[in-house]
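Protein chains: 2
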Amino acid sequence: MKLYDSAISGNSYKIRLVLAQLGIPCTIVPVDILHGETRTPEFLRLNPNGRAPVLEDGDFVLAESNAMLIYLARGSRLVPEDRRRFALTLQWMFFEQYSHEPYIATSRFLLQHQPDSAERAAKLAVRREGGWAALRVMEGHLARRDFFVDGYTIADIALFAYTHVAREGGFPLGDFPAIRAWIARVQTEPGFIPMT
Amino acid sequence: MKLYDSAISGNSYKIRLVLAQLGIPCTIVPVDILHGETRTPEFLRLNPNGRAPVLEDGDFVLAESNAMLIYLARGSRLVPEDRRRFALTLQWMFFEQYSHEPYIATSRFLLQHQPDSAERAAKLAVRREGGWAALRVMEGHLARRDFFVDGYTIADIALFAYTHVAREGGFPLGDFPAIRAWIARVQTEPGFIPMT
Chain A
1494 MKLYDSAISG NSYKIRLVLA QLGIPCTIVP VDILHGETRT PEFLRLNPNG RAPVLEDGDF
1554 VLAESNAMLI YLARGSRLVP EDRRRFALTL QWMFFEQYSH EPYIATSRFL LQHQPDSAER
1614 AAKLAVRREG GWAALRVMEG HLARRDFFVD GYTIADIALF AYTHVAREGG FPLGDFPAIR
1674 AWIARVQTEP GFIPMT
Chain B
1494 MKLYDSAISG NSYKIRLVLA QLGIPCTIVP VDILHGETRT PEFLRLNPNG RAPVLEDGDF
1554 VLAESNAMLI YLARGSRLVP EDRRRFALTL QWMFFEQYSH EPYIATSRFL LQHQPDSAER
1614 AAKLAVRREG GWAALRVMEG HLARRDFFVD GYTIADIALF AYTHVAREGG FPLGDFPAIR
1674 AWIARVQTEP GFIPMT
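Chains as they are written, first to last, in the working numbering: chain A, 1494 to 1689; chain B, 1494 to 1689.
Looking at chain A on its own, in the form it has when it is part of the complex (with noise of 0.2 Å):
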């Protein structure tokens, strides 16, 4: 199996987290999308959505991080079969997808990654009201559970990439003590390991 990686994405760490608490063995193949590699003519005909990361098992290719997850994990137990709590599982995954990543993980890249200009400054301000709402549903979620389901699971590994690092993209997490006190249990899961 390879793994399409870049090191600076969340949705990538989504992956070799998983990888690494399921004791599944993987290239890493290291892509530059700081420097276009996913817009290459190559890398196109593996995603034509020019993203990363991106799984190859052997013949078979499969982009979206979330995807990656249910495929790698199911039958493990970080994803539940019960068909709600699975139902509930994807749920989870899908409000990260549309609810967290266009706010939090985009601001952390602009912040990171792009020089401070005044389209920068239009890019953040409207991203701000989306990233602290999506930090609130979590904080009301967690506030009377331990994980997002029911015990630890993938939809817990897909919000944690990009709201563990949260400050970096200008939403720290001060005012969020059920988020924090996720966040140290996410880490003390057997095979946990940090995103760089």
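No lab work stands behind these hints: they were computed from the structure. None of the hints are false.
If you want the footprint, here are the derived chain B segments under chain A, 3+ residues with CB under 8 Å: (1) 1560–1566; (2) 1572–1580; (3) 1589–1603.
Even for Gly, the Cβ is constructed at its ideal location relative to N, Cα and C.
Let chain A serve as the given structure and place chain B on it in line with the hints.
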């Protein structure tokens, strides 16, 4: 089963379509998103993220349209059992929510439900490139296949919802013959119902 449903939302339509195609009885509870009905205290107790649709199955509550598609259709002809095809189905559903819906559905909402203004024009402008990019990815894929995975699946339902009304978001499909042929195929699937 109860579906909290917005008549103008393609995400809600996905669920009405899968319910019709699988013959699942369900009570439709109309929710008026234009008048803040997804932001009332009662609705936020149902879905703290404040979005429709929401599915209620007895005491089980599920948000996120694509998670609902899996919940409702798992085990039916609309969801591949095979591990790889299942993962590809999810891949296209995450593509829909991340790379398609925020551009095409949001543009449609702005054009159909917000008055013309400089602010609206600016919001539409930043959504053009992503919308066309998503359509190009779909066109390239469908040029060699009848459906997104093998045979008609919930990935087609997820992508059909806003693609077949892309013109209402300012994305006419004149240059996308493979997408247009796919739309016509979806519309002849057993149990198909139109959006309105």
